[in-house]
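From first to last, the protein sequence lines stand for chains A and B. Going by our numbering, the first residue of the first sequence is number 1, and it counts up by one from there. Going by our numbering, the first residue of the second sequence is number 1, and it counts up by one from there.
Hints in this document: simulated from the structure, not taken from any laboratory. It is possible that part of the hints are untrue.
Copies of one chain are not kept apart here, so a pair can be met inside one copy or by any two copies together.
Unchecked claim - Distance condition first, Cα-Cα at most 30 Å in a straight line; then the derived DSSO-like pairs of lysine-lysine:
#: 1; residue 1: 667; residue 2: 80
#: 2; residue 1: 486; residue 2: 583
#: 3; residue 1: 657; residue 2: 157
#: 4; residue 1: 11; residue 2: 594
#: 5; residue 1: 234; residue 2: 667
#: 6; residue 1: 566; residue 2: 529
#: 7; residue 1: 321; residue 2: 518
#: 8; residue 1: 594; residue 2: 583
#: 9; residue 1: 529; residue 2: 460
Number of protein chains: 2
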Amino acid sequence: MANLEMQTLAKERANPPFDVEAMAISLHGSKERLEYKRRVMQELERIPAFFNDDIYDLTKDELRVRTFIKIGHIVNWLQKEDMATFRQRLELISILDPGFWTRFGVHLGLFSNCVASGSTPSQLAYWASQGMLSCHHFYGCFGMTELTHGSNVQGIKTTATFDRDADEFIIHTPELGATKWWIGGAAHSATHCAVFARLIIDGKDHGVKTFVVQLRDPYSFDNMPGVTIGDIGKKMGRDGIDNGYIQFTHVRVPRAHMLMRHTQVSRDGQVFEPPLQQLAYGALLTGRVMMSIDSSNIGKKAITIAGRYAAVRRQFKSDAKNEHETQLLDYPIHQRRLMPLLAQSIAFQYTGYQLSHMLEQMNEQLSSLEPGDPRLNEAIELLKSTHAASAGLKAFCTWGTLSAIEVCRQSLGGHGYSSYAGLAPLYADFAVHCTWEGDNTILALQLGRALMSAYEESRKGKKQGKALAYLNDIDAVLNYRCTSEKDLDTLAGVEAGWLTASAHFVKVAFDEFQRYLKAGDSREVAAEKCSQLRFVAGSVHTSGFIFRQFRAAVESMPDNNDGVKKALSTVALLYGLWQMEEKSGFLLRSGWLKPEQFDYVARRVTELCAELRAFAIPLIDSFSLSDFVINSPFGRHDGDVYRAYFDMIRRNNSPLKPHPYRDTLVKPLLNREIRETVSASDFMSIDDEIKEIQNELKEAAVSAQKKA
Amino acid sequence: MANLEMQTLAKERANPPFDVEAMAISLHGSKERLEYKRRVMQELERIPAFFNDDIYDLTKDELRVRTFIKIGHIVNWLQKEDMATFRQRLELISILDPGFWTRFGVHLGLFSNCVASGSTPSQLAYWASQGMLSCHHFYGCFGMTELTHGSNVQGIKTTATFDRDADEFIIHTPELGATKWWIGGAAHSATHCAVFARLIIDGKDHGVKTFVVQLRDPYSFDNMPGVTIGDIGKKMGRDGIDNGYIQFTHVRVPRAHMLMRHTQVSRDGQVFEPPLQQLAYGALLTGRVMMSIDSSNIGKKAITIAGRYAAVRRQFKSDAKNEHETQLLDYPIHQRRLMPLLAQSIAFQYTGYQLSHMLEQMNEQLSSLEPGDPRLNEAIELLKSTHAASAGLKAFCTWGTLSAIEVCRQSLGGHGYSSYAGLAPLYADFAVHCTWEGDNTILALQLGRALMSAYEESRKGKKQGKALAYLNDIDAVLNYRCTSEKDLDTLAGVEAGWLTASAHFVKVAFDEFQRYLKAGDSREVAAEKCSQLRFVAGSVHTSGFIFRQFRAAVESMPDNNDGVKKALSTVALLYGLWQMEEKSGFLLRSGWLKPEQFDYVARRVTELCAELRAFAIPLIDSFSLSDFVINSPFGRHDGDVYRAYFDMIRRNNSPLKPHPYRDTLVKPLLNREIRETVSASDFMSIDDEIKEIQNELKEAAVSAQKKA
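Here chain A stands alone, though its shape is the one from the complex:
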């Protein structure tokens, strides 16, 4: 028979204001994507290696073994599915097992993409023939970061010196700080590495290029001569990845191992640089886009756990006459904690889709370009704006989701501290997104700088694209005002507020920058001095950007679609207003919002949280994450949380397991013999004895003197 928790969750599902399946299809983009996801969830759940009931108890070493076994499975699909489908599979895996996703992603997403986008056709054919695409006698890792220089690629110190006589490059780690560091897959998996190193020819430094270097023999798995590899050990999370360090001591590779699609080195050591350096880095954007999408997915996983538990967890009675205690989800403060995060996870999804679309467009344009193509400028514009948008979104989406996970974890009360609840491991796994592939703060500042440049251009009359259209009409935008509370009730009204606030801080940052320039600072110094304002501009702009994508997606839906549009409009409005409250200082400073209107924003957020609460569980259901993927008793679909939690604890900590240190430590301590400490008083006669000895000596001396 269903217990109270199960009955409660069933009741939450009784009368959704929308068709849950229609909502699920809408949120997944299509019925096909949704069904494929369901198929993959079922498929993986049935493979023993993907069994994850015991995953939270695995040590780092055990987790690495388990993760490697999964690689053996994924290569089967890699060879059979087309890349678009396979990417959907990987997206699901990123939610299920972030460490595995990354470990495989280093080979596929970083190494192989890097080689594919940097190779000439014959180079690519060669590496494919070596087994790169099938992980056959081949596994790649990505040797960019070093001990003292991370994502600051220009600071890299590893050298690749051209030996003209041998037609080879000599790859070398000149000092400890140049050790390749954090290299995923290096410790235990990789046979080859894409090494970022300074190209040196005849003593001249040509900057950082990429070289494929073999690390190990695939048959013996012994290191190649001159290659030192170490394990960098325990991490905060994602312990399934075997990150390592690599030092090269005069390792020689043929000249053709330098990736030469962009820069070429000829037989006689001439260097041909590409006309546009930026084009070489387009491939790095993929990671950022994936992290924005991952922010949405992981946010959904977290809120599935916290939201379902909040529905079944009861605490205190709001009225003594009630039969049961009150559901946490019925407390306004708990709605305030969770509903905005539910909205955020959906908001990030639309932004992720949009960013992904921008990237596809850009890649298409770039790949169709021939040298001297008149559309080159257009492509570069698109590259710049995608670059800036992706920088800001990577930073603020990953930050947003990281704190969402922590809020969800704390919302479970004490149980959130149990690993089995799933949120603590999720936090530990997710946290790395904030610092890898560009530290979030640096990326936010890059966006800030791009916004200032765009503002400067627009002042000179250059039209900005869609994402920055508010700069085209900035004088009007700066003077938008929230004239009535009604403006806060519509998506259009809220959007106006974000435009004004964004425009205000872009302008303020730029003006400050100009002031420093006029005072004689260099552009570099001036930019650093106004970094806080750049950061704020990036932050406000990104909140507005995310809200606008959400609004656009909702408004493009057909009016009559099973209640989906209406529900998502509420969600979008909550997201926009909640962010306004979070960043209220900036909204107030911009002048768009007046201090006394602040109260209305706060009240509306509370009300919208209550509206969303009414359909929170059906909305969470529409995320379509199976119990297997969620892997938390608190997020179970059936609501039977306590029995499942207790059982999971017992399965992983068997009551039959004997006490591991009862006889060696516990019993000896508790039953130790406590002896009386020897104290000074036990030696009360010592001073008499001293006197006696002294007297004897004195007498002896006297008697000796007498004798003498």
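We have chain A already, so just place chain B on it with the hints.
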């Protein structure tokens, strides 16, 4: 020879604007406390069991063993040192090893304090004679929380039913949800438990009382009959603690095992309740005070790591002509990230001291009271205000430090994700503070409710104490305004802003509460409906409270004290203004700050960060945390971070260790034989064969028909 990093850190120490030893003495309260701390650090570092170079690699099971060994050492000091000194030792241990601190603290701080404060004299003498104070044949745990009810003590479901004939209580767990849960020490250490259970006599429920129940025989360490104990396994952090669950099945204890200082049960089952129920809970405040102090200490540990690393880490050149890259600490944005957290760790310290002082005063007053004492009302007032203040400070200090640790961790860039950097484990260990011993959100709301009550009282003419003095003159306080930027340059000016903002939100929350009451809501429902405003009131009040303690401490210092006062004034001003910026929406809403003054606040925060940056390293040095306590290569006193990091990685991940799954997994995958998949075309003749079979069957049927 000192490398660049070491030279850099030495240079940072060259010309401090204050005497570092004088600063250290001032921050530690006295020369004696500082010297005792140094002695304990040295003492512990030399004990093999406290060796912590390998600590980040220990599995949960290994950590529990290591932690238990430390208990064997700590009991020696427990028996020799007076309690005040021993508490200082424990404070240091809380910084060094939070898991060990808690594991021992459950016995000493929770169990023993609970028994000591709840016992009659003869009960206390009895439990002492059983070895409670020396952990001899005795180890205690604290059985309050249950699976479905945590710190909500009134919801507890375990029963203690009086059997009058036997003069015993029967302790019983009636259902799964009543299982004692999260009980530290239960899984592997405890012989006794202070069990919170509902007192039932003749079917009547007398509420929750405390009973000492023996769990195990100390000699055999076998469970007592009717006691079921289990391990609850892996946690986010503090894995050195053996948290467990306990189920009681009709376990009998003598009547005298109920703690009877407050409530008594006589031989014939009569219940005598204390005149003032609140007095029974004073002991629970100690934990909150310790958590506020811990927030300061752990904040200092985190900023020692992040601050020293920021001084030696160099990245990019702000000017191509510079010899070296720029220190991270010289970037304004990095100052913005770290300097406020440095200020916060010191601000929390003064608040922690002050709260500790309030608690001591209160305990003195309470323990000197006799029944009918005329000072009872005064004591109750003190209890109420200490309760409210400690609730808010526990919540906002632990939240503040938790996010400070994360910001510090991210400020290390990629390296912050390594466990060896120490910040990820610190986060995992610290995070539990936000949910145990009262969930932070609930505590913040309790403070909010206390503020509304105080406001209501003060409107009726009742004078409020020092912490809430702003309510006594609220009409004037509400109308304070920041009339000039000069107000933002002085501690007094900034304090005025906090008073106005605090008063504003207390009043707004109360007015809202009244509106709901007038509309017909019950007090309970009305309080829930205005919970967001209560929360904001608690938040703003606490920021102001912390700032005021800091200001008072600084201003009470002698003017001529080796530059200490001047430096700390800067730190206090930064704290106050940074918090204003963080909560700018509320400051603007209160009317004290005008939107255009916001820019000045932001500018001053940036400037004060730069001022503080100049003496950040000497200030961090004055925290006097040894390399042993810090246990992070990035926070080393000598600045030799990279060599130390590399060496630590190699000590804990020996290059000599063979690859653990090379032959079983890696080589088989990489060198697998890839066979051609069988495809439909391999069976091209199948359809011919089908036809043939069908024909044969048809012919057979025809011939059979012919025969028939």
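Hints versus structure:
1. Taking CA atoms no more than 30 Å apart as the test, residue 667 paired with residue 80 passes between copies only; the shortest distance there is 22 Å, against 59 Å inside one copy.
2. In this assembly of identical chains, the alpha carbons of residue 486 and residue 583 lie at most 30 Å apart whether taken from the same copy (20 Å) or from different copies (26 Å).
3. In this assembly of identical chains, the alpha carbons of residue 657 and residue 157 lie at most 30 Å apart only when taken from different copies (28 Å versus 52 Å within one copy).
4. Taking the shortest alpha-carbon separations for residue 11 and residue 594, neither the intra-copy value of 42 Å nor the inter-copy value of 49 Å comes in at or below 30 Å.
5. Taking CA atoms no more than 30 Å apart as the test, residue 234 paired with residue 667 passes between copies only; the shortest distance there is 24 Å, against 33 Å inside one copy.
6. For the homomeric pair residue 566 and residue 529, the shortest alpha-carbon distance between copies (26 Å) is at most 30 Å, but the shortest distance inside one copy (45 Å) is not.
7. Proximity of residue 321 and residue 518 under a CA criterion of 30 Å is satisfied inter-copy only: 21 Å between copies versus 71 Å inside one chain copy.
8. With identical chains, the CA atoms of residue 594 and residue 583 are at most 30 Å apart both within one copy (14 Å) and between copies (16 Å).
9. Taking CA atoms no more than 30 Å apart as the test, residue 529 paired with residue 460 passes inside one copy only; the shortest distance there is 24 Å, against 52 Å between copies.
Going through the hint list in order, the structure does not satisfy hint 4, though it satisfies all others.
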